[in-house]
Structure formats: structure tokens, C-alpha cells
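Asker: Respectively, the protein sequence lines represent chains A and B. Using our numbering, read the first sequence as starting at 62 and increasing by one per residue. Using our numbering, read the second sequence as starting at 62 and increasing by one per residue.
Hints should not be assumed to be uniformly reliable.
[As the list claims (entries may be wrong)] Label pairs and their computed distance ranges (CB to CB):
| hint | chain 1 | residue 1 | chain 2 | residue 2 | range |
| --- | --- | --- | --- | --- | --- |
| 1 | B | Leu332 | A | Ser265 | 28 to 34 angstroms |
| 2 | A | Ser308 | B | Arg302 | 28 to 34 angstroms |
| 3 | A | Asp113 | B | Gly225 | 39 to 45 angstroms |
| 4 | A | Tyr291 | B | Ser308 | 33 to 39 angstroms |
| 5 | A | Glu223 | B | Ile254 | 41 to 47 angstroms |
[Unchecked claim] Quick list of in silico lysine-lysine cross-link-like pairs, BS3-like style, CA-CA up to 30 angstroms:
| hint | chain 1 | residue 1 | chain 2 | residue 2 |
| --- | --- | --- | --- | --- |
| 6 | A | Lys189 | A | Lys74 |
| 7 | B | Lys219 | B | Lys74 |
| 8 | A | Lys226 | B | Lys74 |
| 9 | A | Lys189 | B | Lys166 |
| 10 | A | Lys189 | B | Lys237 |
If you're looking for bench data, these hints aren't it; they were derived computationally from the structure. Glycine included, C-beta positions come from ideal geometry on N, C-alpha and C.
There are 2 protein chains.
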Amino acid sequence: MTSFEKVVYQTDKMKHVCVGLDTDPTRIPLKLQQGNDPIFTFNKEIIDATLDGAAAYKLNFAFYESHGIDGISTLKRTVDYIKSKDEQIIIIGDAKRGDIGNTSKMYAEAIFNEFGFDCSTLAPYMGKDSLDPFFEFQDKLNFVLVLTSNKGSEDFEKLILESGKPLYKEVLSRIKTWYPSSSLGTVFGATNIENLKEDLSELSGTTVLVPGVGAQGGSAEQVTKLFYTYGHKRFLINSSRNIIFASNGVDFSERAAQELIKLNTEIKQALV
Amino acid sequence: MTSFEKVVYQTDKMKHVCVGLDTDPTRIPLKLQQGNDPIFTFNKEIIDATLDGAAAYKLNFAFYESHGIDGISTLKRTVDYIKSKDEQIIIIGDAKRGDIGNTSKMYAEAIFNEFGFDCSTLAPYMGKDSLDPFFEFQDKLNFVLVLTSNKGSEDFEKLILESGKPLYKEVLSRIKTWYPSSSLGTVFGATNIENLKEDLSELSGTTVLVPGVGAQGGSAEQVTKLFYTYGHKRFLINSSRNIIFASNGVDFSERAAQELIKLNTEIKQALV
Chain A
62 MTSFEKVVYQ
72 TDKMKHVCVG
82 LDTDPTRIPL
92 KLQQGNDPIF
102 TFNKEIIDAT
112 LDGAAAYKLN
122 FAFYESHGID
132 GISTLKRTVD
142 YIKSKDEQII
152 IIGDAKRGDI
162 GNTSKMYAEA
172 IFNEFGFDCS
182 TLAPYMGKDS
192 LDPFFEFQDK
202 LNFVLVLTSN
212 KGSEDFEKLI
222 LESGKPLYKE
232 VLSRIKTWYP
242 SSSLGTVFGA
252 TNIENLKEDL
262 SELSGTTVLV
272 PGVGAQGGSA
282 EQVTKLFYTY
292 GHKRFLINSS
302 RNIIFASNGV
312 DFSERAAQEL
322 IKLNTEIKQA
332 LV
Chain B
62 MTSFEKVVYQ
72 TDKMKHVCVG
82 LDTDPTRIPL
92 KLQQGNDPIF
102 TFNKEIIDAT
112 LDGAAAYKLN
122 FAFYESHGID
132 GISTLKRTVD
142 YIKSKDEQII
152 IIGDAKRGDI
162 GNTSKMYAEA
172 IFNEFGFDCS
182 TLAPYMGKDS
192 LDPFFEFQDK
202 LNFVLVLTSN
212 KGSEDFEKLI
222 LESGKPLYKE
232 VLSRIKTWYP
242 SSSLGTVFGA
252 TNIENLKEDL
262 SELSGTTVLV
272 PGVGAQGGSA
282 EQVTKLFYTY
292 GHKRFLINSS
302 RNIIFASNGV
312 DFSERAAQEL
322 IKLNTEIKQA
332 LV
């Protein structure tokens, strides 16, 4: 199954939630902190509790790399564990890569071959030849940063070009000419609901990863309504902290499952 | 010694070469490929041979991450080895980071605390709050991508804004208002010698990392002449493949040392 087929498979079932495994060890239950590889144990319990309702899992490299070699080992164990439980689920390696060609090639090999992710996230600043090596893996899918959910998106992404277009729109229209729908994903923050509305027709033909729901302020219901109104089904709403840290007590995995159900209900209600 | 002090210390001695340890295992001598941790063994021999002439070493994460956990272990071993040999040398962790605040914080902790690098490289697309967590480490130095040495720099970095400025110049002027000289580095490709000439006054007050010399086409002599003409001493010229893969025979470390001497001679000749 290609990554694109996984996206179609999940979203056709109206599964749109991507659970972000941004596992901060200082926020995991004390009980788990004493064991061997507590981050993996935490991830495992979260995965078991959320597998039914999730379309995807996203592992942000930062939260693993900050623990050095052990963290990278936990990252790999977590990917392997998800795959062993469900081969149709989408696994996103979130490292926001972008480097000169021969280097991007190494990163692409790392993320797809060595770690076994289905999808990557990419930063576009360095241009086409920094993205190409990832798109050469035609059965994979890459989410290119277009408009992000943080305050800093005002700094450069929204700068107006001499054409009158903001930079992020130029990025969007160029990547659409460079890469086929079956490989092209975009990151478009949900905190910018007005921009999302404005740009939905442009986003069509891409699989959209929407961060910024929950802790960062966006609403899953609004986002879903918008996408479905435009007949755009290939989108994933990422939620990290709101799900995985819903509780730091012994009930953390149950509470995570409940939060996911709540989010899925919000999404379904948007369609009524 | 802060990272800034290391830069001053090295460049005051007219040491400007950063040796890029982009160690591709398919290009290292056969003899080494059979041993345990061949990439580390290769790096160690290169470091021993080049330590006298180098100002800095740059480790590109791609070349280590693509070997998974073992690669990350090699990355850390290499950093530790350089430190054990010379505490004044600058060690750059090249991962071109940039993510939302809480994530960038984790990356900054990884690169500075966990791996022990003196400097990072950062991608500016996501704006100030994606860069800030790195600059909170005030004794470290961060090289922000301004104009890169690849062909793709034409795609977005050189787009003209409504102000008439290209994007990369806007990035440069903003980061200069955001961060102090003692922490601020810039990446400015040597393949764009005309741009470098044009922008040198703007680059002042930053430590400039210049890639693109050698395999990518720029000339160390031209670059050095330009910087010194403008009285700008804090710059590092990166050379990776041309030095470390000067030979793939048993004489690889000797040849690497010779290439470094050649580059240092070019730099010194530029001052005559």
C-alpha cells in the first residue's frame, strides 16, 4: 500500500485525526518514569488505546533526538510497534527537512528506509532541489510547509511578493507544478482559518496536514466543515498534547482515547 | 569559552576553514569498511590529520541519521573525539532546524546539551518564534540560512518582495534586529559571489558560514578577498567532499591534510 493509498483508505472512512506522539518525558505518569524506556512504554499504551480511532501517528524527531541515542532507538521502536499493530495506518516522520541535494537524499533514505516512515515533513526555503530527493520515493508522501500554525508564520511566510501574492501562496502554487498529487502533502495551520477558507481551492490536489487544533487554538469542527464543503477529503488534523497528555495519572491512556473520541465526534458533527 | 569567542579565536589566527564531515560510507577506503564503526574510524583519522589547519568541523546530521541508531552514536562519538583533542575548535551541528516553539526548544536541547555542539544551523521559514529557543542558549551561535549555495536558492530565497527586496535580504535584515552579534551566524553560499559582494555590508555583525566552495563551484580566494576588503573577519569557509574524499586509497588522511593546506594557502594568498 502506498502512502497515498493509506491516506485515501483512512479518510474514506472519515478518519482524519493524526495523533502527535510529542512525548515529553517530564509529562508522562510517574508510574512509567521508573521503568526501562518509559517513552516507549508511554507511546505503546497511547497507541493501544487510540489505534481504533486514529488515521495517523506523527512522531516529531525533536522529542526523541533530545534523548540522544536512546531517544532515536525509542523512535524506531515506536514506528515498528505501530506497524506491527496496523499496516494501514499512516506514520509521519516530522523532521521538517530541507538541505542541498546530496544531503536531502541521505535524509530521505533515513526517514523512509532506515526508520520506515510513510511520510515526511519538509521546509521549502532552499527550493526545489532540496525537496526533490524526497519525492523520488514515489510511494511515499511529503508534507511541505506552506502556512504554519505558529505566530512566526507572520514573519516570512506571509510576506507579500511583488506579484501581490504572499510567499506561502507562491510556495503552494510552485510545489503543485513540481510534484504529483499522489506524493504531495501540504502543512496548513488551523489557527489561520480565514486563510484556509481563502486557499482551499489552491490546496486541492494535495493531502493537507492541519496542525494547530487544540493546544494552539484552532477548531476541528470548523476545519472539517470547510474541507467537506469543498469536497476535499484528503486532510489530516493533528492533535498532540491535547490527546496524549489529557491526564498525567494512571488513567492517561483511557483519557487519551476519550479525547480522540471527542475529536472524532466533533469531526462527524461537522458533517451534519 | 563561548562559541563566539571560539570564532574570534580561530579567525584572529586567520583560520577560516570548516571541514565538513559529510562521511558517506560508500566513499571511504575499503580497508576501513571492514572494521567496527568505520565512519568513526574514518572521521578520527581525518580529524587527526586536519586538526592543525581547521578552524571548525561541521557534522551534517543526514550522513549520520541515515544509519539509524548506530549513526547517531557515531555522530556523538565524533563530537566527543574532537572535543578531547582540541577545546578551542568550533563544532557545528548542521541539521537546519526550524519548528514551533516547544519543538524547537527540544531540538536546541538536543544539539547543544545532548550532543554538545557549539553551533547549529537554522531554517528561517517558520519565523522568529521557531528560532528563538536556539538563541536562548546565549553562549552558543546559530547560523541562519540566508542565501544557500544550491540551484534551488533561485526558487524562493531570491523571490522579490513588494518592497523590491529579495526574500533572503529581508530574512537577513530581520534576524539582525532580533539577535545579538555574539549569537548570530548566517549561511551565505559562495556560488553567489556577486550577491556576496552586494550584501557584505549587510552581513557585517554576523559570523558567516560560506558553503559552496570546492565541489559546488565557489572560490576560497575570491571569498576571502571580499571579506577582508570589508574588514569582516568572522567568516568560515566550509569544504566537505573536496577535503575528506580527496583520495579513497590508503593515503586518504594525508591527502585530506594536503587539500586543507592548499585551501589555507589560497586563503592566505588572497591577503597578499
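Asker: Hint by hint, say whether it matches the structure.
Answerer: Hint check results:
no.: 1; hint: B:Leu332 to A:Ser265: 28 to 34 angstroms; result: violated (57 angstroms)
no.: 2; hint: A:Ser308 to B:Arg302: 28 to 34 angstroms; result: violated (51 angstroms)
no.: 3; hint: A:Asp113 to B:Gly225: 39 to 45 angstroms; result: violated (55 angstroms)
no.: 4; hint: A:Tyr291 to B:Ser308: 33 to 39 angstroms; result: violated (58 angstroms)
no.: 5; hint: A:Glu223 to B:Ile254: 41 to 47 angstroms; result: violated (25 angstroms)
no.: 6; hint: A:Lys189 to A:Lys74; result: violated (34 angstroms)
no.: 7; hint: B:Lys219 to B:Lys74; result: violated (34 angstroms)
no.: 8; hint: A:Lys226 to B:Lys74; result: violated (47 angstroms)
no.: 9; hint: A:Lys189 to B:Lys166; result: holds (28 angstroms)
no.: 10; hint: A:Lys189 to B:Lys237; result: holds (27 angstroms)
When held up to the earlier numbered hints, the structure conflicts with 1, 2, 3, 4, 5, 6, 7 and 8 and fits the remainder.
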